[in-house]
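Asker: We have chain A; now place chain B onto it with these hints.
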Amino acid sequence: MRATAAEETQSGAVVLLCAAAWAVPGLGHLWLGRRSKGLIFLVVIPLMFVLGLALKGRISPFDFSDPFVGLTALGQVGVGVAYVITRAVGYTLGDVTAVTYEYGNAFLIVAGLLNMLVVIDVFDITMGRK
Amino acid sequence: MASHLLLLVLFAFFVSLVFAVLAKDTAAEQLRYGGLLFIGFVLTALVLGWLMFPFPV
Numbered sequence: 050m051r052a053t054a055a056e057e058t059q060s061g062a063v064v065l066l067c068a069a070a071w072a073v074p075g076l077g078h079l080w081l082g083r084r085s086k087g088l089i090f091l092v093v094i095p096l097m098f099v100l101g102l103a104l105k106g107r108i109s110p111f112d113f114s115d116p117f118v119g120l121t122a123l124g125q126v127g128v129g130v131a132y133v134i135t136r137a138v139g140y141t142l143g144d145v146t147a148v149t150y151e152y153g154n155a156f157l158i159v160a161g162l163l164n165m166l167v168v169i170d171v172f173d174i175t176m177g178r179k
Numbered sequence: 402m403a404s405h406l407l408l409l410v411l412f413a414f415f416v417s418l419v420f421a422v423l424a425k426d427t428a429a430e431q432l433r434y435g436g437l438l439f440i441g442f443v444l445t446a447l448v449l450g451w452l453m454f455p456f457p458v
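Residue numbers (the numbering used here), protein chains in the order written: chain A, 50 to 179; chain B, 402 to 458.
The set of hints was computed from the structure by calculation and includes no laboratory data. Please read these numbers as outputs of a predicted model, since none were measured by experiment. Just so you know, not all the hints are guaranteed correct.
Said to hold, decoys possible - Not the full set, but computed from the structure, chain B residues with beta-carbon under 8 Å of chain A: (1) 403; (2) 406; (3) 419.
We treat Cβ as the ideally placed atom computed from N, Cα and C, and that holds for glycine.
Next comes chain A alone, as it looks inside the complex (with noise of 0.2 Å):
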């Protein structure tokens, strides 16, 4: 069965919700009128990422020949327009001999990581869950 205009167009609005929470953490709340969470989203998770980043942990590349990286990226990306922008810049290497190295990595991939969880939420209420 072909879906209607009406169903195209209510799918269409859903993926640039979510594209649009992906990118920027809290905006999906902000657009869906949910302002203090998407405020606290907005604030909280850029500010780990950028936490990760001061205590030099290290942006990972897209590489699967060894699977923790790819994994540890794919967590990262998460995150949105600050994985890409920071990846741009030349900002990835962190510092392995920091003694926050690893604590810095951990904020960085669990930053991506609730910014999907955002992103999922955002999901669920525009489809009625929640």
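Answerer: Frame of chain A; chain B shown alone:
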């Protein structure tokens, strides 16, 4: 910024905050759920740390 305890507490705070805001809708529920998560994260880390103390390697 090299204090492991401070970083642990900070990490637990951020994760608890996001989980609570995602899972609950009212401020009171968020505070209760987030507080429980935060205490759970920190206590678990401290207990596991002490349990690992006799086995340093």
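Asker: Hint by hint, note whether the structure agrees.
Answerer: Going through the hints against the structure:
1. 403: holds, 5 Å
2. 406: With a minimum Cβ separation of about 11 Å from chain A (threshold 8 Å), the hint on residue 406/B is violated.
3. 419: holds, 5 Å
When the structure is compared with the earlier hints, a violation turns up for hint 2 alone.
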